[in-house]
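Enquirer: First to last, the protein sequences are chains V and X. According to the UniProt record's numbering, the first sequence is numbered sequentially starting from 1. According to the UniProt record's numbering, the second sequence is numbered sequentially starting from 1.
Because the hints were derived from the structure by calculation, they are not lab data. Hints should not be assumed to be uniformly reliable.
As the list claims (entries may be wrong) - Pair ranges (Cβ atoms, derived): (1) V:Glu192 <-> X:His28: 10 to 20 Å; (2) V:Val693 <-> X:Pro141: 25 to 35 Å; (3) X:Gly138 <-> V:Lys669: 24 to 34 Å; (4) V:Glu666 <-> X:Glu14: 45 to 55 Å; (5) V:Ile656 <-> X:His28: 43 to 53 Å; (6) X:Lys24 <-> V:Ala725: 29 to 39 Å.
Quantities reported herein were computed from a predicted structural model and do not represent experimental measurements. Just so it is clear, CB atoms sit at the ideal spot from N, CA and C, and this is done for glycine as well.
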Amino acid sequence: SEKMQRRRSSKTPKQPLQVLQKNQTDLSAWRKEGKTDSAKSVWNHQSPKDQKNDNEQDSLEQALSFFEKGKSIQDRVSLKKSSALQKHLAAVETVALQSGLPPEGFDVLLNVALSGKLADTVNTRILKSLVPASVIPEDAVVSAVSWLCVGKCSGNVQLLFLRWLITVFDFIDRKEQLHALYGFFFSFLQDEKMCPYVCHVLYLLTRKESVKPFRVRRLLDLQVKMGMQSHLQALLSLYKLFCPELVTINLPKKAKTYFKNAEGPWKAAINAIKRRKQENSPVSQALFLGTAPPQSRKRKWNSQLIIYASSVDRNNLEEDRQNNCGDLCSQSLPLERLQTFSQLLHNIHRLEFPSRMGSVLTNPLLLHYMNCVKDESIYLRLYYWMGQVLQEECTWCVAGNSEYEEEFKDFLETVYKTECFLQEGFSSCEEFLYKTLPLWDGFCCRSQILRLVSWIPLSSFSEMKSNLYDPLSQLFLTSSLYFKCSVLESLRELLQNWLNWHMVYLDSESDSQGHSSNTTLSGLVDAVAELIHFVGGISTVALQLEDNATFLLYFILNFYETVCDVYLKYNLPLLIMPPAGVFYPALLSMDSVNLNQLCYIMYRYRTNLVAAKQNELSKKKILQFKFSSRTYQEYNQYIIAMVGCLWTSSVFQKDIHPQGLRMDDELLKKTTVQEFKTSFNIVYHPAMMGYAVLFLQQAWPDDTTLNFSLIKGKTWNWYLEYLYAEGLKGLKLFIESSISRVSQAS
Amino acid sequence: LVGSDEGLQQKLAEAILREEKSFKISIHLATSLPLPSERDQLRPRIDLIVFVIDVKNKYSLKNVEASLAHVDASFFLGKVCFLVTGVGRVNYCSVEMNAIWKLGEVYSSPVLFCELELEGIRVATAQRLLRMLRICAGHVPGVSALTFASLMRNYADD
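Bound-form chain V, shown alone:
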């Protein structure tokens, strides 16, 4: 209606930040695409047939006018006595819950609620209905804070206002004036009841320039008076990050949750409205996302982040560009002005991160920045935000979230992709996994969780055991074949990440994210060894449970493909053979894929051992690490079994491994195999017999009796060539390296 148009005129429409769904590394795509007058207020998109909504808008207008004219409200009038008050209050509440209040409404309502003119019950109801539909004008908040300073309203109302401010912080369109009010907020710290909430607000507002010595002293004094409260700790930690020289006391590096949830009705209402909007108007959805395709699902957390990102008034943006003061200003550069990579490079020293760190996750430029600049404060802020989101949105720990599983999955995916981009894990993610893995059912968000497991940073065995290995093995042992394979894949990537980390970080002194710099080489070797032993153990059991399934064996051997080359590829003095419970099922596998993998792995073990031996012999000084003779012995035992099994048909006689295939002749005779002394090699091996048959058919197409004994001498060589041509490269490498051929007469 017209009245609403008039109210709206003072604010110019905001441009949404366009977040692309593509991979972070595609920088060229991350540019703003022209200005579209797209971010119209929600009101424009109501379908004309919504008469009910129009009526509600009218009644809201009337209510706002009523509240604006202070004279018509008598001091402290009680709700019961004024029916007009009741009516208007109800109108406000209805609209608020239905679709949120327009930006124009906040000024009026905040003034009324905080001026203390009305009874507390009315003020509380007003505050509780301050649900934003789009944005909240900064001016309204500023005048509300001024009312707070005057102290006309009751203590409870003040607390409620602070809680509201914390919850809707990201909806406030600009924050410059709020930053200017930092001192006023700071002065509220002395009120004991308000202190926790004020700390939270300050935490959101603090920038480097806010950290002043007198404020640090004040916080320390408060700490002495009230004891070490977690909210004070939070603020002090943040101060310490910005200005470590001003805060010299020792603070614990990571605390669980600094701020308890400022629970309130607003969050639920905001989410409900968003969902309703999603269902009703896909058009506005596209507008918020920019040029997103209509079928893309709007993400709860992501859509919030899009709104949050625009913390700069567009008007100022235009002026600044015209005045060309962007680069010369000593102020920090808000992220919306960042459009190109070269801009990032020019302004890298004065980037201002958004108040809500989550928008960093999908922003490739900011991720590059995070990667290059080791700024602890960014990590800390991201840590708190992510920890909170993970805890609150977890779909199996909070049953009410189960309908939003898709969104949570998407969020976990994004976190994983960011971790891949940064090539390291987030500590908040790690803590989340440790907390939820014991409670996890193995079903919700399975692939996302397992992928996140692969980015867990390395720590001591006792920690890994209780935090990861124990809960994971419980799930592993009772789960399906596919889950087992996924876990093995995830553990292989975990191993690889640890090894890569070793290659990159261990040489340089610096460490990121406060990983324990006490990790010496031997600590790393121990941790890696324990992981490999763990996987060896569960693989053995898994093979028994799944009856040596080929699919499972494939993943297990894949893991050992990484293990066998640890010495040569990753420069770690470690060589661990697979346990017998893995080796023998692979050797006797019915599938040539597994056998081929095993051959390749044994070939690589040999290469590593030979290289190690050479290094040992050539170096004058005694190496700190030397592969024990037991390792060589284990290898030799396996090799004897393999050669016996594949080549010389002598595995049952020669295998000396304690868990091996040694069998007496008497027992072998009972199998009624005619010539058992020559009948167990790559011709007769169950995995290879298929090839032997095909070979015979090609070599002697007319001969229908399959006479395997024909394969000897020269034919044997042809047979080998045939196998290699069929793709059994592992077999080829193994035979050529481990078996020295004595030329036989055919």
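Given the structure of chain V, go ahead and fit chain X onto it with the hints provided.
Expert: Coordinates of chain X only, in the frame set by chain V:
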């Protein structure tokens, strides 16, 4: 299945029976132990006892603790398991998690967590229990119930 919430037990049992399996299975639901002695002879061999504890209900834990006293010692060699439901309301749980961990330790039996009110998780839990049952009934060569339980409780590599 022994537990105080009959509705949930029923749903879980149905989920188990709906699963594809190659063996015959019968599920006995009880709210507490001991089972009435009149039908002792007709009862088939019991391969696995699952004690269902609802994290929101202090009584369910007490009920289980009381019932445990009536279980023959031989069952604790891998044929007992604790199923804790209500994880989805972790903020409202009135039962101490520590008490549950302790229970698992004292009786050397695995503790599984789930949220039986959610269908997807219920089905997944049913599958997990079935796999355990297969082992406890001796259908998996080379893996006994005792081996399995000790692996579940404390994964030690040797």
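Enquirer: Run every hint past the structure and note whether it holds.
Expert: Tested hints:
At about 58 Å, the CB distance of Glu192 of chain V to His28 of chain X disagrees with the hint of 10 to 20 Å. Against the hinted window of 25 to 35 Å, the Cβ-Cβ separation of Val693 of chain V and Pro141 of chain X comes to about 30 Å, which satisfies the hint. Checked against the hint of 24 to 34 Å, the C-beta distance between Gly138 of chain X and Lys669 of chain V comes to roughly 32 Å, which is consistent with it. About 54 Å separates the C-beta atoms of Glu666 of chain V and Glu14 of chain X, a value consistent with the hinted range of 45 to 55 Å.
A C-beta distance of roughly 51 Å is found between Ile656 of chain V and His28 of chain X, which places it inside the suggested range of 43 to 53 Å. Checked against the hint of 29 to 39 Å, the C-beta distance between Lys24 of chain X and Ala725 of chain V comes to roughly 50 Å, which is inconsistent with it.
In the structure shown, a violation is registered for the earlier hints numbered 1, 6, in ascending order.
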